[in-house]
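Given only the sequences and the hints, what does the whole structure look like? Please build it.
For the record, the sequence lines run as chains A and B. Position 94 of the first sequence, counted from 1, bears residue number 94 in the working numbering, the numbering being contiguous throughout. Position 194 of the second sequence, counted from 1, bears residue number 194 in the working numbering, the numbering being contiguous throughout.
Hints are computed from structural coordinates only; laboratory data are not their basis. Careful: at least some of the hints might be erroneous.
Chain B stretches covered by chain A per the calculated footprint, using a threshold of three residues with CB under 8 Å from any CB of chain A [unchecked claim]: (1) 35-47; (2) 59-70; (3) 126-132.
Just so it is clear, the structure is predicted and the values come from calculations on it, not from any experiment. Each residue gets a CB set at the ideal place from its N, CA and C atoms; glycine is no exception.
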Amino acid sequence: MSGSDDDPDLLAGEYVLGCLDAEAAAAVAARAAREPTLAAAIRGWEERLAPLATLLPEAAPPPELWQRIAESLPPPRLALAAGQIRRRLRLWQASTAGALALAAALAGLLLWRTPPLPAPTTPPATPRAIATLTPASGQGPVFMAMMGGSGEIVIASAAPLPVAADRSLELWVLPAGATRPRSLGVLPAQGARLVRAADAGPASQLMISLEPRGGSTTGQPTGPILYAGTLSAIE
Amino acid sequence: MSFASANTAPAGYPPVAHAGDDLATLIRRAAEGDRVAFRRIYETRANRLYAVALRITRQSALAADAMQEAFLQLWQNASQFDATRGHAEAWLLSLVRYRALDLIRRHGRETLGAEIPEAEDDAPDPLAALLSSSEGKALHRCLETLEEDRRRLVLSAFVDGLSHQDLAAVTKQPLGTIKSWIRRALQALKKCLDP
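Shown next, in the form of structure tokens:
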């Protein structure tokens, strides 16, 4: 790409300015989800340049737009319950028996949810790697993923995620060294999902993007990357 | 760049933000599921944000899509907004801009080239609207320190959503030159704004 890759602050500036192409911009967004320094640099540029929006004359949106937005809103999530679950997940992560506790946590989630899933969602018996997919804002783990020896990955959210009726969350894997993410399918609105990614391993990135209902039709993420995380080997 | 009509907001659109419309507070209330607060965000900011989306996409349908996606994101991610770390207005503006930029990169923009700035606006100071806020004043002063062609690149990228490639095509400059001009302009702006 460009020389500004070496300087996160310049890269952040180019991203906020809007002059990166789609692929480069998506790469920056994914990186920012796991690099707090880059995320902070982006916030800095967003604040520096925001006054430029006042240069444009205001323009009234179509009158029906508010109705469209209001109708697409999912029910409000239960903020308190979600927060409690996240805090517990953080505790589990911090515990010395992290892997075991995580397995128990995911198994617990599966039982507790009992979602109507066609696919089996048994957590891998011997997890090889785990990942926490954090929201792009950098606060609080929301998705947990656990990978078994043959690339089977169980992923679950810590709390039901409200997604509009015309949108889906899609899971992507970016194996270490790969340049383009590969779709692992659309995630259920709640509960866990079992996917297979033979090419995934420790250091592979997992990402979740917001897509039109049913998932991206281009083979690449088309909406914002909402969550991202990297698989770490369990020793 | 045609910024001259900056003060011709359509009549009949009252809601200028006032006390009680502090965006960080409204976002916090929306995070708790308060739809009234969420609607208030839309009422007080939609005209500004839609103008931004429309300028980038040049198509009202795409601009409306960008707004819908951004407000959906706002509703879903309101609880993740951390008022201590970011400026709420800049955060919301960014939600809309990134959605609009993403849409034109996916769908293309039919009218590209037609309205690309070739000369400064006729107004004596096309950036005068910046002078209405203290942050804007600082940015105005720092933009003034840039050479005119560099300043125009920054504005075309941010306001019109032109990519490196678009800017190279419009200015008939090599891509590498554009990239390096923008980087230098960004460095100069940062140095000027964060002394």
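Consistency of the hints with the structure:
{"no.": "1", "hint": "35-47", "in the structure": "holds (count 6)"}
{"no.": "2", "hint": "59-70", "in the structure": "holds (count 6)"}
{"no.": "3", "hint": "126-132", "in the structure": "holds (count 5)"}
Consistency with the previously given hints is maintained throughout, with no hint failing.
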